[in-house]
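Peer 1: Following the hints, put chain R in place on chain U, whose structure we already have.
If you want the building blocks of each chain, they are given just below.
Number of protein chains: 2
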Amino acid sequence: MSNLTKDTTLISSQDLFLFLKAVFEANGFSNAHANQSAEVLIAADLRGIDSHGAARLEGYCRLIKAGRINPTPNLKITKSRGVNFTVDADGAIGLVSAPWAMAEVKNRTELHGAGFAAIGNSNHYGIAGYHAMKALDFDAIGFSMTNASPLVSVAGGKERLLGTNPIAIAVPAGKQPPFVLDMATSAAANGKLQIASRKEESIPTGWATDQEGKDSTDANALKTGGNLLPLGSNMKNGMHKGYGLGSWVDIFCGVLSGANFGPWVPPFVSFLQPLANLPGKGLGHFVGAWSVDGFMELDEFKQRMDVWIERFKLSEPLDANTPVMVPGEPEMIHYNDRVKNGIPLNNKILGEIRNIGSSFNVILK
Amino acid sequence: MSNLTKDTTLISSQDLFLFLKAVFEANGFSNAHANQSAEVLIAADLRGIDSHGAARLEGYCRLIKAGRINPTPNLKITKSRGVNFTVDADGAIGLVSAPWAMAEVKNRTELHGAGFAAIGNSNHYGIAGYHAMKALDFDAIGFSMTNASPLVSVAGGKERLLGTNPIAIAVPAGKQPPFVLDMATSAAANGKLQIASRKEESIPTGWATDQEGKDSTDANALKTGGNLLPLGSNMKNGMHKGYGLGSWVDIFCGVLSGANFGPWVPPFVSFLQPLANLPGKGLGHFVGAWSVDGFMELDEFKQRMDVWIERFKLSEPLDANTPVMVPGEPEMIHYNDRVKNGIPLNNKILGEIRNIGSSFNVILK
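Residue numbers (the numbering used here), protein chains in the order written: chain U, 1 to 365; chain R, 1001 to 1365.
The hints are simulated quantities; they were obtained by calculation from the structure and are not laboratory data.
There may be inaccurate statements among the hints.
DSS-like, lysine-lysine: derived pairs with alpha carbons at most 25 angstroms apart [said to hold, decoys possible]: (1) Lys-302/U with Lys-1076/R; (2) Lys-302/U with Lys-1281/R; (3) Lys-175/U with Lys-1281/R; (4) Lys-192/U with Lys-1175/R; (5) Lys-1175/R with Lys-1302/R; (6) Lys-106/U with Lys-1106/R; (7) Lys-1302/R with Lys-1106/R; (8) Lys-236/U with Lys-1223/R; (9) Lys-1106/R with Lys-1079/R; (10) Lys-199/U with Lys-1236/R.
The shape of chain U in the complex, shown without the other chains:
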C-alpha cells in the first residue's frame, strides 16, 4: 500500500472495473464494448498511469453526451491488402476501436508474419501500451501509436501543432517480464503539469513555453496559451528529434488513416469545438504486430531477451541504492502492488466518478 496517502482512497480493481463497465453501459455501450473500455482504463490505473484511467471517465462521458463519441459504432475495414488495412471506427471510443483492430492484426500476423492497422474516425484510446501489449497474448511484438489534441509546439515554432503523440512497443521475453516502452513524444505529459498546478509548484524548464514560445516554469502555462515542448526540450538538446517522432506518429495515425492530423485533431475536452474545414474524421491510431518466428525461433528470441533485460538491470547505477530499471518495469511494479492491494484513487477523481455514477444510478462499492 505504498501509494496510499491522505489524498487517496484504495479501491479494488475489480470493484472499479465493474463500476466503469456499468457507466459505459449506462452511456449506451454494448456489454462487449463496455467491458473492453473498462479493461483499458483499469490497465492504466493498475500500471500507475493514473492520468489515463478512471480519471478520464468524465471526459469520455462528456464527449458521448456532446455526440462526439458514438456509443454504438459500426466498425468497418474500408481498405485492405496483405498485412495492411484501414479501419473506419465510425466515431467509436478508441478504447474499443484499437482492440477491435488488434484482433484482425492477430489474424494477419498469424497468416503473413505481421499485421498493421491505420484507424481513423476514432477518439482517445487510453494508454498506448495496452494496445501494443495485446500482441503479447499471441507471443508477438506489439506496436501502437495515436495522435492527440494539439498541445505541443514544433522545433522553431510557437503554435500548437502536435499532440503528446505516444509510441508503444511491447516485446515478449522468457523468464523476465516483457519489455514495454510506452512514451509520449513530448518532454512531459500534460498530467505532470496538472499535478504541479494542484500543488501550486513550478515546473522544470524544458516542459513548456508561454504563448510567445519562451521557456516557462509556470505549471499553468497551457491554460494561458502556452505550449508543451517536444522531447529534447530545446534546440541544443535535440527537440527537433521529439518533433520528428511526434510528426511520424501524426502521419501514421492521421494522414494514413483518413483521420485529422496536426492542428486539426479534435480536442479531448467537450467544451472546445473541432476546427472548421477538417481534412479528415476524428483522430487516428496505428497499431500492429510482428511475429518473431520469421526472424528467429521464438524460444531462442525469448532467451536472448532475458539476457538483454538481465544485463541492463545489472548496469552499474548512478545511485547505489537505486537499481537501473528497464522499460515497463516501473509500471509492472505498480501493477503487482495494485492488483493485490487496490488502486489508490485520488479523492478528487473518486468524488468526480462517484458523481458521474450517481447520474446514471451506478454505485461504486
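Peer 2: The following block gives chain R in isolation, referenced to the frame of chain U:
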C-alpha cells in the same frame, strides 16, 4: 557555396564518388559492392551529414585490414516467413548488407504490403536515412534502424550500454519533397563533441557525463571515460524516453537478428577489440517498408502528405526570419546545394582520404 570556409575544399560529388568506389574496390570489394558502398557515403556527404560520409573511409579500411569487415561476403537469408526475414551478412559492411536486404524488402512489400529484415553479422551501415529512403523508389514508406558501439548510458546508470542507435522513417509526398526523419536516439551524436573538441569549446549540459555519470561540459568527456546521454538528457526532461527508444533499436537490430546487443556491440574503431563471450555476431540493422495502398490510394495519401508538410512549414515561427522546417528539409537544402556546387570536405578529412587513396594507388581528382 554557403558551406565553404577556410577549413574546407569543394570536391565534386562525382569525383568523390569515383574515388570512394575505387578505394573500396582496391580493398577487395566487387564492383557492385564498391559502387553501393560509395553511394551510401556520398548520400551522407550530399545531405550534410558530414560525420557519416567520406570521413568514415579510414575507419572502414582499418576494419577491413583487421579482418573485422569481410570484403567478399556471401549474404544469405537464414530464416523467413511471410513479410519477415533474417539476413546473415557474413561480416559485410552495412553499406552493402542493408541495401541488399532492402531489395528483398521491396519484393515482400509488393507481394504482401510490407517487408521487414533483421540483419545480423554486419557492420556500420552509414546513415540510417539512406536505407529508409530506398523505399521511396517504389513509393512506399521506409523504415531503418541500426545498433552501434556502446557510448550512451541508460537512465539511472553510469555504464555505456547503448549506441547512438538511430531511427529513420521516409514517407513519400506529392509536390513536396518526402518527409525524412533520421535521428540518433542520444541527445547529441559523437560527431558534435568532436567538432567542439577541435574548436576547443565546451559542450552544452545534457550531451554527456563524466565517468562518474555526472553532467559534463567537457568536449573530451568520452575520451576520459564519460558517456553520451540519451535523448531527453536528464530524468526530469525524459531521458528514460531516449533510453527506451535506443533500447527498442537495440532489440530489433541486435536481439532479433542474432547480432550482438548492448555493451557487446563491437566498437567501430579497429584498435578496440570486441569483448569476449559475445552473444552474437557483428552488429545488426532492422530495415523495412510499408506499402501505402493497403491503407489508402497512393495519390490521395500523397495529397494529404502535401497538406501536412505545407501546414507545418507555415507554422508561426519563433523568429520571424527563420521559417519552421519539416524533418528532412535541412538535409534536402544541403543536397540541392552540394549536388550543384560540390561537397565542402574538411581539409583534415581530405588529407586523410588522399593518404588512404595513395596507399592503394587511387587518386582523388
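Peer 1: Looking back at the hints listed earlier, which ones does the structure fail to meet?
Peer 2: 4
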